[in-house]
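Novice: Taken in sequence, the protein lines are chains A and B. Take 0 as the starting number for the first sequence in numbering that gives the first Met the number 0 and just add one per residue. Take 0 as the starting number for the second sequence in numbering that gives the first Met the number 0 and just add one per residue.
Think of the hints as simulated: they come from the structure by calculation, not from any bench. Cβ atoms here follow ideal geometry from the backbone N, Cα and C, with glycine treated the same way. Don't take each hint at face value.
To be verified - Stretches of chain A that chain B covers, calculated by requiring three or more beta carbons in the stretch to come under 8 Å of a beta carbon on chain B: (1) 13 to 23; (2) 62 to 69; (3) 175 to 186; (4) 189 to 196.
What follows is each chain in one-letter form.
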Amino acid sequence: MVDPMDLPDERELLAAELALGVLEGEALAAANRRLLTDAAFAEEVEAWRERLAGMALDVPDETPPDALWSRIERAIDGTGPAPVVDLVPRRQLRRWQFGTAAAGAVAAALAVLLVIPRPEPSIIPPPTQVVLQPAIVAQLRGEGEGPFVAARYDPATAQLRLVAQDMGEDPRVPELWIIPEDGIPRSLGVIRPAGDTQLVVAEGHRSMLHDGATLAITMEPRATAPHPAPTGPRVAAGKIFGI
Amino acid sequence: MTPSSPSAILARKRLADALISVGRGDRAALAEVYNLTSAKLFGICLRICGDREEAEDVVQEVYVKVWQRAGRFDPERASPITWLAAIARNSAIDRLRARPNAATAPIDAAGEIADDRPAADAVIEDAQEQGRMRACLDALEARASSAIRAAFFGGLTYAELAERDRVPLGTMKTWIRRGLLQLKACLGDG
Chain A
0 MVDPMDLPDE RELLAAELAL GVLEGEALAA ANRRLLTDAA FAEEVEAWRE RLAGMALDVP
60 DETPPDALWS RIERAIDGTG PAPVVDLVPR RQLRRWQFGT AAAGAVAAAL AVLLVIPRPE
120 PSIIPPPTQV VLQPAIVAQL RGEGEGPFVA ARYDPATAQL RLVAQDMGED PRVPELWIIP
180 EDGIPRSLGV IRPAGDTQLV VAEGHRSMLH DGATLAITME PRATAPHPAP TGPRVAAGKI
240 FGI
Chain B
0 MTPSSPSAIL ARKRLADALI SVGRGDRAAL AEVYNLTSAK LFGICLRICG DREEAEDVVQ
60 EVYVKVWQRA GRFDPERASP ITWLAAIARN SAIDRLRARP NAATAPIDAA GEIADDRPAA
120 DAVIEDAQEQ GRMRACLDAL EARASSAIRA AFFGGLTYAE LAERDRVPLG TMKTWIRRGL
180 LQLKACLGDG
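Okay, chain B solo, but in the shape it has when bound (with noise of 0.2 Å):
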């Protein structure tokens, strides 16, 4: 994952070092770090949960947890927009599935994400590295790039994408499992 250009490689910079502060107990810190991401990590929850009052509930626990496991962040392996968009990611999944209604809401959720608009800023993220994610997502079968998307965004089982889909469960784990090796090798990094 190399940046491309001087800025990004100073933003990353950046946004490293303040996390690697952060996780020595450093508050002012983690205000940079929420200056920094809170409008990327808030986009991200609200993308998942589609609701504005339950993202930024979301988003608090997200920069709650930045605080306590900062320390866990490894700049020589993951991008740290990268770290903290996995942490929010999950945390927004989480809070999905545990609401009362958590079987209806991920589908419509899903529904909307298939398009590729790129984002608003690229300033903290890679924007090489960003689209190249969305090449190797788009080079996959459309099938298994809209399964992937769904269960990423939408919190979706295999269960869930197999009805979706009205295929066999076993089909929509091949083309899953399909996808995501194909993900990797377009990706390069591992």
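Excised from the complex, chain A in its bound form (with noise of 0.2 Å):
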């Protein structure tokens, strides 16, 4: 029996189980906490997901229903392609990574983990503005082997993207709140109990997203969410920081 551990290249192995899902509790709240600040591993969980994917073309082909398009078009109507905050931007970084050889700054190549993808890619600003303008992050955990959901804003665009843990069975939703210094927790709207999700945070909130404040989970009703103030209980949070 060969130990797991003994294996070559435990990076390139936790990045396959990722892609493949086999993660569960501590290791994937790790995992998932890795894909925010390790560029290389990201790279490799996306390498692992676009490789694992050749499983899926082997599946038969089914004719989906007619009406099907339409829906489609319906939920992408008045919508462009939105300004992606990707994690760890794979593109972006190659061309950041080549900028920044000539500077040589130790804090200009942390900041290039956390570039934003602007709309227009052709045009690269200068790496200082990245350290003007830092991406803000945080880990919202649970108790114990509770849900674990990173988060990551952009102040430029006012994205605010979260990859949740699968937070489990429950009929209601998980609704995030920002709680800035004088402590009323502030709706930021409902997340997916498991995978990406992608908001745009209310103006009049942006301001409280910075260094200190915390984000909150609850479970609430689904019907009648995005809520006043929080009725359920707290199942994850964690305090912002900036890089």
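Combine both chains into one complex, guided by the hints.
Specialist: Right, dumping it as structure tokens:
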């Protein structure tokens, strides 16, 4: 029996496990945290997702009903391609690495990990702009083996992206709150119990997303969300920190 | 991932070009992507969800994501159909896990996926690439390929797989990790 820890390249294996979806609990939380901070790891996860997706191509085709396309058209009506908030934007990252090689600043290299891709990728802002407009991140955790949510906010676009670990069975929905210095929670909206959520923070709440403020998630009734105040139990919370 | 035939090369390029146009906000290009790929992606979502209505919801979600994320597609790195299949699979698995009865459904779904039926068509996807994945999976130990398929199509975690096969968690981890490394070596693309 080979001990798994003795197998080569632990990072690569962790990336493969995350892409396949076999992790849970603390191991999953740790891997999701690493996605936020380790560009090489995020690239490997992406490569594994695409590699494993080859398995799906074997599934027989099935024609969807005609009405589905019009449903999709309605769903995207009035929306353009969203400025994507990527945890570690790959293509941008390469350009940045190239650009910052000359600058050679350690701080800039760190900022590279947190660059948000712009809608017009041909215009690459100078590295200093990243330092001036830092991304803001938070890790929201529950008790013990409870849920884990990684959050990342781009002040420039007011986009908040969350990656949630499966929150388990619940007829209610997770609602996200910002709790600034006054201690009064304001709803930022409902998020998906697993996977990605992207939302645009309402103008009045943007100034509350800064260092030291708390993001929290409670379980709330679906029908009436968003709510003026939390009613359900807090399932995860974490402090914001800027990088 | 070298396409095998001129028609496969053309089909791949057509889809890649359409995706790039979608990334620039071209809605007609999204319609083309849908026409070229919806049967494949609906097939994937239906296999994972096992329910037509739910699969339709997931497919809708997938094309909305494609509309939003196509700017991230990198034709030099990923095959366009594989990129789309990854979005479809992950969205369907997310849906599966968000179900109230998530604990039981995936195991049933995983039971029917061990067959090696070839895809109904191989116009867009590269038949050679697809055949290689099948051959590489078949080359693994049966218990490893079965576990990897069940995780991929059924969303089963290490703990659920260990329970399904009645083996210790560490044993299951070793099977899968070894299998994944062998798979990568066999596919020879990394």
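Novice: Does each hint fit the structure? Answer for all of them.
Specialist: Checked hints:
1. For a cut-off of 8 Å, the count of residues in the stretch 13 to 23 of chain A with a CB near a CB of chain B stands at 7, and the three-residue condition holds.
2. For the stretch 62 to 69 of chain A, the assignment as covered by chain B holds, since 5 residues bring a beta-carbon within under 8 Å of that chain's beta-carbons and 3 suffice.
3. Figure legend: the stretch 175 to 186 of chain A, annotated as covered by chain B; annotation inconsistent (0 residues with Cβ-Cβ distances under 8 Å, at least 3 required).
4. Under a criterion of three residues with beta carbons nearer than 8 Å to beta carbons of chain B, the stated coverage of the stretch 189 to 196 of chain A is upheld, 4 such residues being counted.
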